Amino acid sequence: MDTHKLKIGFIGAGANTRKMHIPGFHKLENVELSVVANRSVESARDVAKKNGIQRVAKDWREVVEDPAIDAVCIGTWPYLHAEATIAALEHGKHVLCEARMACDLAEAKAMLAAAHAHPQLVAQLVPAPFSLDFDATIREMLQAGKLGELLEVRVVHTSGQSANPEAPMTWRQDVALSGKNIMSMGIMHETVERWVQDEPSWLLADGAVFQPQRSYPDSEELKEVKIPDSLSVMGRFAQTGARLVYHFSSVESGKPRMEFRLNGSKGALRFDTYDTELLYAAAGEVEEKKIILSRAESRGWQVEADFVQSIRTGVPVKLTSFEQGLRYMTFTEMVSQSLANNSSRVDWLG
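Residue numbers (the working numbering): 1 to 350.
What the hints contain is simulated information worked out from the structure, not anything from laboratory work. Any given hint could turn out to be false.
[Unchecked claim] With a cut-off of at most 30 angstroms between alpha-carbon atoms, the simulated DSSO-like pairs for lysine-lysine come out as follows:
1. K19 <-> K255
2. K58 <-> K255
3. K27 <-> K318
4. K5 <-> K27
Predicted model only: the values in this text are computed from it and were never measured.
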């Protein structure tokens, strides 16, 4: 096993990088947080000072071109994921890239091609975090037939973030920064994919933008909003024939909801991410029973440790591989095509 000091460079230091990735790398032995590039040199200096990163780069390209750097953690918004990932791989760097994988399917395919062109390097995406403790249990219940025939997969995520028409624009509403990603759709579908391990044979989507123009904080310039404030997706999974029913909204005031339901002929699972509970109800029953996880089943957040282990030992990436990312970006592309064509049906693009 390779035990030399691993030097990490950071391209972008967004909220998740500061909250999760930097502390995660700090916990690991023989890992050095060497350099950071952010949207401004001043913000990069601030991140470096507060988080024990040795130096600051003026531009992200300095990070990928630095021969002393072994691996990069890309923590920008999706607009830079493809360009920075491909450049890093071409310069011999292992890559941990923040989710969502890319702005669109074409970029995702280019990223996967670059990873395949450099098989000696680790290419990993940050996984959807909501269900890491529960994934093994949910998969086991499905595979053991405890739900019977899978009938429906229902996903709901709502908030009131955009309900106020005067609320400022965020990067998630900006096509230039987010691409075809819509609210939490991609990250929620990635979670479903881990359990069901099936793809929709077809889908159709309907969405709406309720406030067509917004301005960023501290700016009077109005920008067009093209990413939906409300989105519904319906489809059918290819292998099981189960219905796919998703709803996302940023205009639902009141208590937010973030819930997954797997409805089967023998019973149903409900996973509430806000209450962090997995509940089971037998078919036709109202009472739900909480499923208690064993410590062995509760994997938790190990993203940075997994990344370093793959680099040092060559163990394949599981959470999340570029191949898995391509699948959820394919789903995202299908939704985008349906929205662009009056909610028409779109067949699987694989």
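Each hint tested on the structure:
Distance restraint check for K19 and K255: the Cα-Cα separation of roughly 25 angstroms lies within the 30 angstroms cut-off, and the hinted pair is therefore satisfied. Of the supplied pair hints, the one linking K58 and K255 is violated, its CA atoms being roughly 42 angstroms apart against a limit of 30 angstroms. Distance check on the hinted pair: K27 and K318 sit about 21 angstroms apart at the alpha-carbon level, within 30 angstroms; holds. At roughly 13 angstroms between alpha-carbon atoms, K5 and K27 fall within 30 angstroms of each other, so this suggested pair holds.
In the structure shown, a violation is registered for the earlier hint numbered 2 alone.
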